[in-house]
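Build the complex from these two chains, which are given one at a time in their own frames, with help from the hints.
Listed here are the chains, written in short residue letters.
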Amino acid sequence: MKREGMWSLKLSTAALVLIPVAIGINYIGKFFAELLRLPLWLDSIGTALASMLAGPIVGALSGAINNIIYGLTVSPISFVYAITSVAIGLTVGIMAYKGWISNLWKAIVMGLVVGLVAAVVSTPINIGFWGGQTGNVWGDALYAFLLAHNYPVWLASFLDEIVVDIPDKVATIVVAFAIFKGLPKGLISLFGGGKEIEKL
Amino acid sequence: METLSLYVDRDSPVHRVDPISKLLYILAATAIPIILPSLLTAAVVLAISVALLLLGRTFRRVIPLISVIVFVLLTILIIQGLFRAGNVTPLFQLGSLIFYREGLLYAVRISLRVINIMLAFAILILTTKPSDLFETLVRKGLSPRIGYVLSSVLQIIPQMQNTVGTITDAQRSRGMETEGSLAVRLRAFIPLIGPVVMSSLTQTRERSIALEVRGFSAKGKKSFLNEEIQEPYHRFIRWGLLLSIILALVWRVAA
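Protein sequences appear in the order of chains C and L.
Numbering follows my numbering, in which position 134 of the first sequence is assigned residue number 264; successive positions increment by one, without gaps.
Numbering follows my numbering, in which position 51 of the second sequence is assigned residue number 64; successive positions increment by one, without gaps.
Please note: incorrect hints may appear among the correct ones.
[Stated by the list, open to error] Selected chain L positions facing chain C (in silico; Cβ < 10 Å): (1) Leu-19; (2) Ile-91; (3) Ile-92; (4) Ala-98; (5) Ala-120; (6) Arg-126; (7) Leu-137; (8) Ile-138; (9) Pro-143; (10) Tyr-161; (11) Ile-169; (12) Gly-207; (13) Thr-215.
[Said to hold, decoys possible] Chain L regions said to be covered by chain C (calculated; three or more residues, Cβ under 8 Å): (14) 30 to 38; (15) 129 to 135; (16) 170 to 181; (17) 192 to 203.
FYI, nobody ran anything at the bench for these hints, they're computed from the structure.
Note that beta-carbon positions come from the ideal geometry of N, C-alpha and C, so glycine has one too.
Next comes chain L alone, as it looks inside the complex (with noise of 0.2 Å):
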């Protein structure tokens, strides 16, 4: 069935670590820039996400998720090195413009802190089938209930995307308008939105009928379709990440 991911499919060590290690990373590469918040730390843990992408064979399908703050990042360049509360020490000038040398520096702090969060989100992304994160949160004690609503909705948006080019087909043939001044845009959204929420919505019903038939709410110990892969190091990680938060947190506290 057709489902919505951008999980990579390859083999490689990084794709065979466990889910909960790769949200503990998600937890370090977080936390410790912000508890050493230096320009080192940020830049050593950039290093460090970028080698575990290269090293899961997916470098390259972060590069579409950067690209899209990367504008958001440079307006944030621009304005905090011109505006920002506190600018002193002018560092270069742009015809009239000048930009600041502490403007710039925190904003090279967050873009840094951005991207570090986005690129350790993407390691579990592109590294992780979503059936398998799911699967292993609900063994780690997640509501098997939502559990299943988290697999659902990879389903049912490619079903409803369907549905949105139907519609959208039969609206022009019919000779809607979708293209023009706002007000003509504006008037065009609810008959093209209307029709695919009332079929989805109509469609619930049936649809939790057919659970409720199968023993969706049925009491006792629910069982997994894949056997649980349990690696020695898998702990060996999760102990490794927790440990080097709590030592940045020692690390800050003595210092």
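Only chain C is shown next, with the shape it has when bound in the complex (with noise of 0.2 Å):
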């Protein structure tokens, strides 16, 4: 199946429409995450499939969109943390297209990759706007401990965030890769694979 470049910005139909879903997604699993009161945030599995689905860029649209609406609806905080949820939607699109969906055990090295550039991309804005905290209580307890020991702030803070980070990833990045595999076939050439197949 030849698809057209991962870095296409021709945007079809059903990409563009795949991002609100995206977005909706993203909000309903933060939703479940809470009603089941899971130690997770699991906000971020309508960003990680579209990326699946239809590449890096519509990936990174979904991120950044996500943080936007998600500033106007809930929490303006949000907003500056967009930048994590486009690094989220490049990060987990090119993985995808180089093949890093093709197992369970590639899905959960990718959920790693992915939870390492969150945070990497997270700690300059958590350093900026918080001092270096993340707002979880074990993430939080774990910085208030290493600065009572003398470590650098930076370090404080990125440890502070991996902790929380790399579970939370993970676990998003399966749950999408679960739903990505149960999708019907014609769906997922809709947005992406399927130039050949059919076209909107």
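So, in structure tokens, the structure goes:
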């Protein structure tokens, strides 16, 4: 199956329509995580799924728009984390294109990479806005412990972020992977793979 | 149609100001305290934002937005006050814990910055209808296709939330457990989110066909539903805000 390049900026209507749905999935993931009182955010499943289906550009757009909308409707602070969401969309999109969603183990590796990328991008934002904290109880306890033992702020902050991000992103990618594998083939080809099969 | 938004419908001078000016205000309220990093600048910006929110008769709606971050700000105050590198001057003591002046000052500075940005955004969010904001952005050159995506998110989320209710009830009536140990709750996640995701993704096919049929990808100039409202003072506000940022820069360089 021949695809257009990963970085194609020609967004099909189907790919554009996917973006609001991806953002809706992000919301609902977060909602269920809170309903079930899971110790994870799970608020980027939609972004990951959009990246797997339609590539890094659509994934990055979903991430950015997700945080803009979240900022407009729930909490304005989320605007600044749009950069993290864009990074997540790009990473998943590139890795999925390179074949890292062929089996569960590769998906878990992808989750680790995404968690690392998210932590690297979020840390400067956390330091700039919150003095390095994340607002997560476990992460912040670690942060306070490291700071009390004279570790530098950037390291304490990075570890604060990563202990939260790695489990969260691995879980996110695994859920997105499970859903992706369960989708009908016709639907997958609608968004990216199927230029030859079905074009809208 | 039900949409998601924090917009408060009031008739106030702040509501009548155009969205671009409010975006510029966010820029100014964020940039000026960074360019001139004194507590006084931050306090002045804070006072202006509060005044604008009071003028827009939306101040009470800000309190729930701020209270979400107050807890985090309190932990920052405690952690930085106790442990910040460069803490030398003890300020006061609680039991065996010593709070230092430098760390507390740093925490106050951070808190003021975060609250300032929150309030500036709150002015935009509480006094501007999201659809008006998106329409203005499209007028200013944002792609209408992205404009559509932005407004459709606000309609899709309430729709999906309705589906969520139905599916949660359906799965519970089949005996799925949503309470109990972490493993039980983790296992419930996929059966809950799966059906919502599948049905919403399937709907995208119909939605994209419906859009195509209505000329969504058609080339040519798009028209707008509403007339553009232009008041002479809008331009005045915009230039005033840009000028204040430039003045702050000049002040910083000169001083």
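Structure-based check of each hint:
{"no.": "1", "hint": "Leu-19", "in the structure": "holds (6 Å)"}
{"no.": "2", "hint": "Ile-91", "in the structure": "holds (8 Å)"}
{"no.": "3", "hint": "Ile-92", "in the structure": "holds (5 Å)"}
{"no.": "4", "hint": "Ala-98", "in the structure": "holds (7 Å)"}
{"no.": "5", "hint": "Ala-120", "in the structure": "holds (7 Å)"}
{"no.": "6", "hint": "Arg-126", "in the structure": "holds (7 Å)"}
{"no.": "7", "hint": "Leu-137", "in the structure": "holds (8 Å)"}
{"no.": "8", "hint": "Ile-138", "in the structure": "holds (6 Å)"}
{"no.": "9", "hint": "Pro-143", "in the structure": "holds (6 Å)"}
{"no.": "10", "hint": "Tyr-161", "in the structure": "holds (7 Å)"}
{"no.": "11", "hint": "Ile-169", "in the structure": "holds (5 Å)"}
{"no.": "12", "hint": "Gly-207", "in the structure": "holds (6 Å)"}
{"no.": "13", "hint": "Thr-215", "in the structure": "holds (7 Å)"}
{"no.": "14", "hint": "30 to 38", "in the structure": "violated (count 0)"}
{"no.": "15", "hint": "129 to 135", "in the structure": "holds (count 4)"}
{"no.": "16", "hint": "170 to 181", "in the structure": "holds (count 6)"}
{"no.": "17", "hint": "192 to 203", "in the structure": "holds (count 6)"}
The structure does not agree with numbered hint 14 stated previously, though it agrees with all others.
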